[in-house]
Structures are given as C-alpha cells and as structure tokens.
Amino acid sequence: MRHQTMTKLLSGTALVAALTAFVASSAFAQEAVIAFDAGELGATSYDPVTSSNLNTATSMIYDRLVEQDADQSFHPHLANSWEEASDGMSWTFKLHEGVTFHDGTAFDAQTVADWIPDYADTENAFLTAAIESVEVIDPLTVKFVMNRPEPNLLYNLGSAFMGIPSQAAVEEMGADYGVAGAVGTGPFKLERFDIGLETVLVRNDDHAWASDLSENQGVAHFERLTFREIPDQSTAFLELKTGGVDVLLGIPTDFIEVLKAEPNVTVIQMPGTGISYMPINVTAAPFDDIRVREATGLAIDQEAIVASIYKGVGAPAHNFLISSLPEATVDPALNVTHDPERAGALLDEAGWTMGDDGVRMKDGAPLEVKLFTQNGSEFTVLTQVVQAQLAAIGMKADITVFDSSTIRDEYKENRHQLAVRAYDWNNSDILDWFFSGERLGYPNVSMWNDPEGEQLNKVAMEGSANSEERIANFTAYHEYILSQHLMVPIYQPTTNLAFNADRVSVPDPVRGTRFRSQTVLDMKPAE
Amino acid sequence: MTSMTGTAARMMSGFGNTSLGRAFGSILGKVAGGFLVLLLLTAIFAPWITPFDYAAQNLMNGNQPPGWPHLLGTDQFGRDVLSRVIYGARTSLSVSATAIAISITVGMTLGAAAGYFGGLFERCVMTVVDLTWSFPDILIALIFVAIIGPGLTSTTFAIAIAYLAQFTRLTRAQIVRLKRETFIEATINLGAKPHHILLRHLLPNAIAPVIVVGMLAIGDGIVLEATLGFFGLGAQPPTPSWGAMMSSGTAQLFLSPWVIIFPGVVVAVTVIMVNLFGDELIRALDIRDRIRGA
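Residue numbers (our numbering), protein chains in the order written: chain E, 1 to 527; chain H, 528 to 821.
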C-alpha cells in the first residue's frame, strides 16, 4: 500500500522518472539484454514441436533429455543415463527425478510418452521418424522402440527442436501454444513474446537440474533476460557500445576488429557451425541448365572473399557442410572452387556468348538474373561481392534486398533465381533439410526434386544401422548434391559473440556447441 | 480592368527571365544557384566525369582513406567513393525531380478542378488528399515496397504521394482566390468554357508559387530519398544513392568514416542550397504572401 502511494506521488515529474531509471539500472543489475544472432531473427513461435525456426531463447525455456558438448560428446540432462540395444532397435532412458514444469506439473516417463507422438505430421517429424513407440517402464524409465536403427537419435534429442514442453500447457493453449505462452522445465520462464521484437524471460527459481556442462548447478544468476531482435548489425553494435544491449550474439566477422577496439567489450570466438552459401533455383531458367549452374559456382572466389571482406577470419567453404563433420570430406573433384576460365567455357558451350557490354547473350536475351538477399550488412556485403564476381563471367545479377520473413515468402512463391543465405547447424542431416523434395521453396530454396536424390536422402536418413554407415550414406548424398550444382558454398564463419564486460561476464569458452542455456546458467553480472 | 492587366502582367513576367535573373542577383542566389547548376551538370554528365566505374570492386583495396588516386577514399569493396557520390547525385536528383514532377502534375490537376468546380467534388478531393498527408512518408513508401518490391520506382511513387497534398492545396487556394478576380468574371460573362478559363486564365496565374514550392520540395524529396535509401527501401545495390551509401557506411563508421561523411555532407549542402535558392526565388517573384496563403 505504502509502495503504491509512493509510486503515484513520484510518477509525475520527468526528473524523478530519470532518477528512477538510474536507480533501476543499478538495482536490477541482475537483468541482461541479449541481441539475437541475425540468423535467428523472425522466429514466430516457441513451440519446439511444430516450429521450423527457433531462436536460442528456446533452449532456456525448455530442457532436453541430453545435451551435446563442443567435442560432439553427449551429456545427461533430463535423462540421467541411457542405453541403446545392441541391434539399435530400442533405447532406454532413465529420467531425472523431481523435475517440474513452470506450470507446476511433474516431468516423468508419461510426459515423454505423450510428447514424442506430437511430432508426427509436423515439419520436424524427421526427428522422431525412427521411433515406433514409447513405452513407460516405470515413472522414471522410458523405452523408445525403434522401427529402424537411428545413429543420430542423441543428436536429435539434444537439438533445440526437442525441448520438452508441458503437456498440460500444450493441451490448454492448443494452437496458441508457443505464441501465447510456452511452458518447459528450463532455467527461465517465458514472460512476454512480441514476435519480431523482443522476448522477456524470468528466472525459474525451482530449477535444480542443470546439466554437467554448467558449473552452476542451481538457479541462474540473472533474474530476467530480455532478448531483442535487431535486424541491422550496425545498430546492434551501437546498442552494445551505448549500453542498450549487454550481449551481442552472432557478430559478423567484419565487426570483430571494431569491437575489439572498444575498451569495455569482450569478444569470444568459437568454431563456426554454419555456412554462407548461394542456393540456385534449378527450376528457373537459365539455371535449369546444369552447365550454367556449374559456371555460377566456378565464378565465386571463396579464398579472395575470406581474405578481403572477412580479413582472414573463418574459412572458405567448398562444399555444403562445416569441415568438422566427417561427411564434409568428399571426392575433391566435387568441391566447388574458383575457375573463371572453365566457367566461361561452360557458358560458351551452353550457348551464352560474351556480348560487347560484358554481359553474355543467348538468342538475343542477356544473361541477367535475380539475386536475392536479406537486409543486414552480413548479407548485403557478401551479396555485392558475389554480384561483382558473377559479373566477371558475364552474368548480370540484380540484387533485391528483403527482410527475413518476406524473403521466405518469395522462396515459397518460387520467385527467386539466386540468393545469398546462411545456415547454422552442425549435423549432416542439414542436407535433408535443405534438399529434400518434400520441402520445396523453403527450406529447399534450390527447388530440387530428383528421384535419385530422394533415394539417397532416404538411405542417409533412415537406412543406417550405425554411425559409420550413416557417415558413408550422408557422404554419398552430399556428393550427389554437389554433382548437381544446386548451390555455391562460400564461407564458413566463426561464431562470435561480444559482451559489455562492465555489465556481464560470459564464460569463455561457452558451454556446449553454442550459446545456449548451459552458458547462460554460468553467465554472471559483472562485479 | 487595370487590376487584371497589372496582376496578369506581373505573373507572366514573374515567370520569365527577369525574375530568375533577379533570383541570381544576390550573392546568396549566385552561390546557391551556381551550386545547383553545377550539381545538375554533374548528374547529367556523371558517366564522363567520374574517375572510376562506380561499381568496380577492388577487394584488396578496400577502406582506403582519401588520397590519390581515390580523392574521397574507397568503401569496403574498394569502390571509389567520389565516383559513387557523383553517380549518387544522378540517382537523388532524378528520383526527386521525377517524383515532384508527378506530384505537381497530379496535384495541380486535382487542385485546379477542386478549386474551380467547388462543392461536393472539392470536398471529396480535399479529404482524400489531406488523408495522404496524415500518413508518414515512410509508411507510404513501405506500402509501395510491399506492392511492387523495393527499388527506385517505389521510392519515386512514395515521394510523389507524400508531396501531392501540398500542391493540390496550393493550386486550389490560388484558383479560389483568382476565381473572384474581375478579369475571370469578365471572361465567364463573355461566355468562355471552363477548360478555356482554367487553362488560359487561371493556371498560368497560379503556376508561379507552385514552381517555387516545387523547387523547395525537390530539396525535401532528396532528403526523403536518402532516408528511404538508408532503410534499404530505395536504390538496390550496387546503384549508388546518397542515403544507401550512408547506410552501408554505418557498418564501418569507426573504421572508415569517409564512406558515410561525404554522401552526408553532399546531401546537407544540396538541401541547404535548394532552400536558399528557393528563398531567393520567392523574393524575386514577390509571392511570399501567396505561398503562405496556401
């Protein structure tokens, strides 16, 4: 009551408002503002089961059965231990005791049994496709009966898409789940979600089941986290510099130098888990001609791009997977490398002859194509270099810059030819995600649907009895994709984050494969 | 009758060389006008006077400070900033001038018809036109971008619509005022048709303030084009536009400030010069009251 009166009395003047803001900023030092990676912008839901685009805040709302570390090993989380049958046809998980959801309901074997079938008929169905049924052995033991061996099961269970939601909340909210609310067992609860703007999380004071990747086994050090979506990296950088943002995720390489020069900013560089690339729409002429597609790939000088605009940070990409994956080791002849002479020869052969103005012509029509990109300097800068390199082989590319959600609509409408994109995923099943004939438009921006490809996809996704077979099958699928020239790999960035050391401290190296809940648990307010 | 010849004669001569000459008369007018003429020539002859190709990249020569041979330095792609600023004049001036020309044509037609015919027609036109004034320019631009995609066409239409209300209101006010003049009443009584009265007697007498406001609007249009370009809604890369150049420069603000400073200075100076010259023109034409009247 007294507090209310005080508030009313004070709220009148601007001076007091400013004072309150000042006091608030120091009194609530247990708050942190984090700006998402540009690649994570535009998530429309926090429902891990149905959404195909999740941001890193998802990992803080939900816990997973297992967690993956940077060395690719798997660690217990909501599952204390697990065992795979020798034939790979069943998996048994022992669950952590005493775990409760944010809504107070208990997490147990029945939760898992109710949750897994929800994936059927969603975009994410591939994650659980190998699971025939889930049996509850006792309240803390659950058994997955498999319809085929799945060497990738632990990876799937550790991905953000397999955070475990409260079944009671999912039932209650129905189709609104993930937008109106999201209820997990994670170290933070969802307080507010303004799509495209910001997400506010508050601490889950009951959380006592952190994975062993975090040093902190209790509740998080921060009471409140605000995740902001800032599309432009320069703006995000200025926000960090001026104190509007405490942690900046996914900094483009060209900013590292500038950030390191700031006295209060600390930069953490991690091995990258993604690729920047240029998908080619195989249904749009002239790219229905494989020779034109191959020539397009040969036009791009990955080494020059890394050396110049990325100042040597990161690595060139010559195929579709990050080099730390075994499936990235393919027949060297299939790797995409710079060879403008051969590009010219291929275009000549395809009937595109060099015109006087430096643009190739065929049947009186110029070789003019659409090159789509997203706003934000990390995309537009690379796109302009790509444009110039394509011009060097006589291909005139017209750039159009879209925002992240409009560009997906354009893909789905099949209005694109070339695009500059990036993905962040450290598993070879990304090949299925971007090249499966079942996802034409988006994510299959290449619009590729080929019987042999579908066959190799099926074998890779479902036909492997163990890890070795899986590697061989995915390598074969990867090689076939490369042989069809569906995209041009360009760059493997490092993953970088920066934080304001006057405000917060982020553990270096980060826990796990990327900045997720394990790292956030160990993140502290600066002293 | 004396009033008619007096007004008409002043209006007609006001549009002739004498007044333009008078606008150039003062030192301020000479400087501003001279700058604008120079800028116009630069824009027209851009392909012949730029030292480098505005789109030619040289990745190994990026972010070079001003010096030789790149007088204003290079951007992060190693492109010559001077050449891009010169070409940017072309983009900015042509978009702004085209947009304002559309605005004037449509605005004068609507305003003249509304002012002459009056009644319900006038109220409808003015309501619709005033409505466009209530939307922020950026929002209008976004609507066009959503319909026809980002690019200079959307920018042009957005600027044209943003300034439509101004010209419609201005023309209407002139026509309403002139309609009451004796020489118009005389013409009506002599049996002239509406189109004859509008085209021969009303519009020529109403055009001088419109031209001046149009001149000033071109300055505003340049700023609006730069704003839209800054947000990526205008010229698509690598076409240089001053706004887009500043936008891409923000990423390198602390490493290579020249990429953002030069286009910024050019926009500022151009707009100041346009306004100064506009003021001189108003003075020379002696129409300050009539512009205020709108």
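Hints are computed from structural coordinates only; laboratory data are not their basis. Since the structure is predicted, the reported quantities are computational estimates derived from the model, not experimental observations. It is possible that some hints are incorrect.
Unchecked claim - So the derived list for chain E, only partly shown, Cβ under 7 Å to chain H, looks like this: (1) LEU140; (2) THR141; (3) ASN375; (4) SER377; (5) GLN384; (6) ALA388; (7) ILE399; (8) VAL401; (9) SER404; (10) SER405.
To be verified - Some chain E residues flagged as far from chain H (calculated, every beta-carbon gap over 10 Å): (11) GLU83; (12) GLU84; (13) MET89; (14) SER90; (15) ARG148; (16) ARG228; (17) ASP232; (18) PHE255; (19) GLN269; (20) ILE309; (21) GLY312; (22) GLY351; (23) ASP363; (24) VAL385; (25) ASP522.
Said to hold, decoys possible - Listed below are several chain H residues computed to face chain E (Cβ distance under 8 Å; list not exhaustive): (26) GLN763; (27) PRO764; (28) SER775; (29) THR777; (30) LEU782; (31) PRO784.
Quick reminder that beta carbons are idealized off the backbone N, C-alpha and C, glycines included.
Hint-by-hint comparison with the structure:
Checking E:LEU140 against chain H: minimum C-beta separation of about 52 Å lies over 7 Å; hint violated. Taken as an interface hint, E:THR141 does not check out: its beta carbon lies about 54 Å from the nearest beta carbon of chain H, beyond 7 Å. For E:ASN375, the suggested interface contact is upheld, since its CB lies about 5 Å from the closest CB of chain H, less than 7 Å. For E:SER377, the suggested interface contact is upheld, since its CB lies about 4 Å from the closest CB of chain H, less than 7 Å.
For E:GLN384, the suggested interface contact is upheld, since its CB lies about 5 Å from the closest CB of chain H, less than 7 Å. At a threshold of 7 Å, the smallest CB-CB gap from E:ALA388 to chain H is about 4 Å, leaving the interface hint in force. The interface hint given for E:ILE399 holds, since its Cβ lies 5 Å from the closest Cβ of chain H, which is under the 7 Å cut-off. Nearest Cβ of chain H to the Cβ of E:VAL401: about 5 Å, under the 7 Å cut. The hint holds.
Look at E:SER404: its Cβ only gets to about 13 Å from chain H, farther than 7 Å, so that hint breaks. For the restraint placing E:SER405 at the interface with chain H, the shortest Cβ-Cβ distance is roughly 12 Å, beyond the 7 Å limit, so the hint is violated. Distance check for E:GLU83 against chain H: the nearest CB is about 51 Å away, which clears 10 Å, and the non-interface claim stands. E:GLU84, annotated as away from the interface, keeps every beta carbon of chain H farther than 10 Å; the closest lies near 49 Å.
The Cβ of E:MET89 lies farther than 10 Å from every Cβ of chain H, with a closest approach of about 53 Å, so its non-interface assignment holds. For E:SER90, the requirement that its beta carbon stay farther than 10 Å from each beta carbon of chain H is met, with the minimum near 52 Å. At roughly 46 Å, the least C-beta separation between E:ARG148 and chain H is larger than 10 Å, which holds for a residue marked as non-interface. The Cβ of E:ARG228 sits about 18 Å from the closest Cβ of chain H, beyond the 10 Å cut-off, so the non-interface label holds.
E:ASP232, annotated as away from the interface, has a beta carbon of chain H within 10 Å; the closest lies near 8 Å. The Cβ of E:PHE255 sits about 7 Å from the closest Cβ of chain H, inside the 10 Å cut-off, so the non-interface label is violated. Every C-beta of chain H lies more than 10 Å from that of E:GLN269, the closest at about 19 Å, which supports listing it as non-interface. The non-interface label for E:ILE309 is inconsistent with chain H: the shortest C-beta to C-beta separation is roughly 7 Å, within 10 Å.
Every CB of chain H lies more than 10 Å from the CB of E:GLY312, the least distance being 12 Å, so the non-interface label holds. Its beta-carbon lying about 27 Å from the closest one in chain H, E:GLY351 satisfies the requirement of being farther than 10 Å from that chain. At roughly 27 Å, the least C-beta separation between E:ASP363 and chain H is larger than 10 Å, which holds for a residue marked as non-interface. Under the 10 Å C-beta cut-off, the non-interface status given to E:VAL385 relative to chain H is violated; the minimum distance is some 7 Å.
In this structure E:ASP522 is separated from chain H by more than 10 Å, as the shortest Cβ-Cβ distance comes to about 31 Å. With its C-beta approaching chain E no nearer than about 5 Å, H:GLN763 sits inside the 8 Å limit, and its interface hint holds. About 5 Å separates the beta-carbon of H:PRO764 from the nearest beta-carbon of chain E, less than 8 Å, and the hint is met. Proximity of H:SER775 to chain E holds as hinted, the smallest CB-CB distance being about 7 Å (cut-off 8 Å).
Taking 8 Å as the C-beta contact cut-off toward chain E, the hint placing H:THR777 at the interface holds, the least distance being around 4 Å. Nearest Cβ of chain E to the Cβ of H:LEU782: about 6 Å, under the 8 Å cut. The hint holds. Contact between H:PRO784 and chain E, as hinted, is not supported at the beta carbon level, the nearest pair being about 12 Å apart and thus beyond 8 Å.
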